[in-house]
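Asks: Construct all of the structure, not just a fragment, from the sequences and the given hints.
There are 2 protein chains.
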Amino acid sequence: MLKTIEWRDDQVVMIDQRKLPMQERYVICKDYRSVIRSIKDLVIRGAPAIGVAAAMGVALGALKIRAARMDRFRARFDAICREMVAARPTAANLAWAVERMKKVADEISHREPGEVKLRLVKEAQAILEEDIAINKAMGRQGQRLLKDGNRVLTHCNAGALATGGYGTALGVVRAAVEAGKQIEVVADETRPFLQGARLTAWEMKESRIPVTVITDNSAGYLMQRGKVDAVVVGADRIAANGDVANKIGTYMVAILARTHKIPFYVAAPMSTIDASIKTGKEIPIEQRHEKEVTHHQGRRCVPEGVGIENPAFDVTPHRYVSAIITEKGVITPPFKAKIRRLFASE
Amino acid sequence: MLKTIEWRDDQVVMIDQRKLPMQERYVICKDYRSVIRSIKDLVIRGAPAIGVAAAMGVALGALKIRAARMDRFRARFDAICREMVAARPTAANLAWAVERMKKVADEISHREPGEVKLRLVKEAQAILEEDIAINKAMGRQGQRLLKDGNRVLTHCNAGALATGGYGTALGVVRAAVEAGKQIEVVADETRPFLQGARLTAWEMKESRIPVTVITDNSAGYLMQRGKVDAVVVGADRIAANGDVANKIGTYMVAILARTHKIPFYVAAPMSTIDASIKTGKEIPIEQRHEKEVTHHQGRRCVPEGVGIENPAFDVTPHRYVSAIITEKGVITPPFKAKIRRLFASE
Chain A
11 MLKTIEWRDD QVVMIDQRKL PMQERYVICK DYRSVIRSIK DLVIRGAPAI GVAAAMGVAL
71 GALKIRAARM DRFRARFDAI CREMVAARPT AANLAWAVER MKKVADEISH REPGEVKLRL
131 VKEAQAILEE DIAINKAMGR QGQRLLKDGN RVLTHCNAGA LATGGYGTAL GVVRAAVEAG
191 KQIEVVADET RPFLQGARLT AWEMKESRIP VTVITDNSAG YLMQRGKVDA VVVGADRIAA
251 NGDVANKIGT YMVAILARTH KIPFYVAAPM STIDASIKTG KEIPIEQRHE KEVTHHQGRR
311 CVPEGVGIEN PAFDVTPHRY VSAIITEKGV ITPPFKAKIR RLFASE
Chain S
11 MLKTIEWRDD QVVMIDQRKL PMQERYVICK DYRSVIRSIK DLVIRGAPAI GVAAAMGVAL
71 GALKIRAARM DRFRARFDAI CREMVAARPT AANLAWAVER MKKVADEISH REPGEVKLRL
131 VKEAQAILEE DIAINKAMGR QGQRLLKDGN RVLTHCNAGA LATGGYGTAL GVVRAAVEAG
191 KQIEVVADET RPFLQGARLT AWEMKESRIP VTVITDNSAG YLMQRGKVDA VVVGADRIAA
251 NGDVANKIGT YMVAILARTH KIPFYVAAPM STIDASIKTG KEIPIEQRHE KEVTHHQGRR
311 CVPEGVGIEN PAFDVTPHRY VSAIITEKGV ITPPFKAKIR RLFASE
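As you go down the protein sequences, you meet chains A and S in turn. All you need for my numbering is the position in the first sequence, starting with 1, plus 10. All you need for my numbering is the position in the second sequence, starting with 1, plus 10.
A couple of the hints might just be wrong.
The list treats identical chains as one, so a pair stands whether inside a single copy or across any two.
[Claimed, not checked] Here are the simulated DMTMM-like pairs of lysine to aspartate or glutamate, each with C-alpha atoms no more than 20 Å apart in a straight line: (1) K215 - E314; (2) K113 - E139; (3) K237 - E319; (4) K50 - E93; (5) K215 - E319; (6) K215 - E300; (7) K112 - E140.
I should point out that these hints are in silico values taken from the structure, not numbers from a laboratory.
Replies: Below is the structure:
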């Protein structure tokens, strides 16, 4: 399995997810601004992966700060952190990772910048390692929800490529397969960026897990025919009440699942839960460039001069969610008190 | 407005809907087999337009039959009709139009082949003219369901390009606009063939009706935000109980509309209603080539060796349909007896 993101020789190396699976190319970021650009341009995507990239990005930024005195270092570092947090608005993990990096800087604020820099680089690498471990824990927790022979529909890519490795939703699938269950994946292609058709299909194929790609609008057809046993998706941000922001179309899948009495599971690390917001209504939804919709392979398909709406995410109200799978356990509705308890046990 | 299909100098001329809106090209069919190929390859699509093409196709086939005796002419003509009906399995209008052409041949079976040929050519042209008139009648009937200021979501293209002209679902929109109402259209892009993004957007732009294109998976997002007031779609076949086969994804839109308490209207001519089948379960659903899903602008995006499911249509159970708009009136549930009555009044 290729690595999603790596810290190598004081550079951040990412596989270019815009090119996969037809081309395997890497983007090498030598400064924090190119990490920001890579996040904005979807070289790397997926909430946990964005978190890792942000942490590595601010570490990279910190490394390059020329300041002998800690107060000047810190002022510059905080500015870098602010820029990083603004890269994309929806994923909770971005702010979470940057916050964690700032806490490290806070804790050793009495030391020299040189030492703080090394600590920040270590912390970013630790976030990557932890993320993989968290995904595996989530997989162990979540795989019990899947039965041998299940056909599992997923939307977007919540796999190894969306995380440090292993995956959230696809981590649950991987763990079920590792536990000896036969699982088939149905991947919504996930317009406009085709994370499902390109990335989920590729990951599953690499892992020899059977996968079938469908257009997003075919999910209802398959469910109506009894060809989907469970839905597992990732999340970009989860509110304190269990409302889930995830890739555009997730809400539609949740409604379809409910209509067909199919369980709808969300797999996400604790870092995706934003306890500071009460409901999904407060989650900012990124609107992306219309070219993502109007152009295919660089060629325009939609006539010029018509309106385009291109929200990158939607919010699934908690009442559609059968369970949230975290590394600390699986919780079922009602979510609010249970989410609070998960945080209390941290 | 460009013409969808035309009979010109004993040839059938179609605008190539695979190329629109970026290129305006025409396919000239000189024999019935090239009409069949054009139907299969989606040069022309949309149930009523396929009906017109099929009628013109068998007329073209008839013209070229070299037979002095009527029995030999008829044997060849029936073989052409069988081939034509098999071009695509789901749209009711294909079989309906061929049946009507055969009836003409039946009625004057005592005449010479030469005369029968001319009658068939006239009949095919009459089917085209009638289709436009039917669409306009449907528009007059249906437009009353739309209110001034409505945002109307539609899936696929049920417009002038899907018919002889004017359109079924988009005909209803056109008629509402002609009645002085301000209507905005939201067009699902409609993967994989992008009839919404390419054809509906183009038609609406040409007619100066405001249109916004969204990915299919954004429909729920817009409905959740109160940005859709009504859904109007076309149909490829309607069963005797009101179940509706239409472009893949229509079922999903119907469920979303129901969840958000938005009316879901189906506009279709009587020729789309197949009274010979009891429910939608009996409607054959065409599976199309996986390349439609795996390739974008001729370039592969999905890794090789993964499964693809590419149904061209789905069936929306009648319980999700708020009203069926036909040229003979608008009917509301329960549909079965009302559909029977519409046919009885023919």
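Asks: A separate judgement is required for each hint: does it hold in the structure or not?
Replies: Status of each hint after checking the structure:
no. : hint        : in the structure
1   : K215 - E314 : between (38 Å within a copy, 9 Å between copies)
2   : K113 - E139 : within (18 Å within a copy, 74 Å between copies)
3   : K237 - E319 : between (31 Å within a copy, 11 Å between copies)
4   : K50 - E93   : within (12 Å within a copy, 53 Å between copies)
5   : K215 - E319 : between (33 Å within a copy, 16 Å between copies)
6   : K215 - E300 : between (31 Å within a copy, 17 Å between copies)
7   : K112 - E140 : within (18 Å within a copy, 72 Å between copies)
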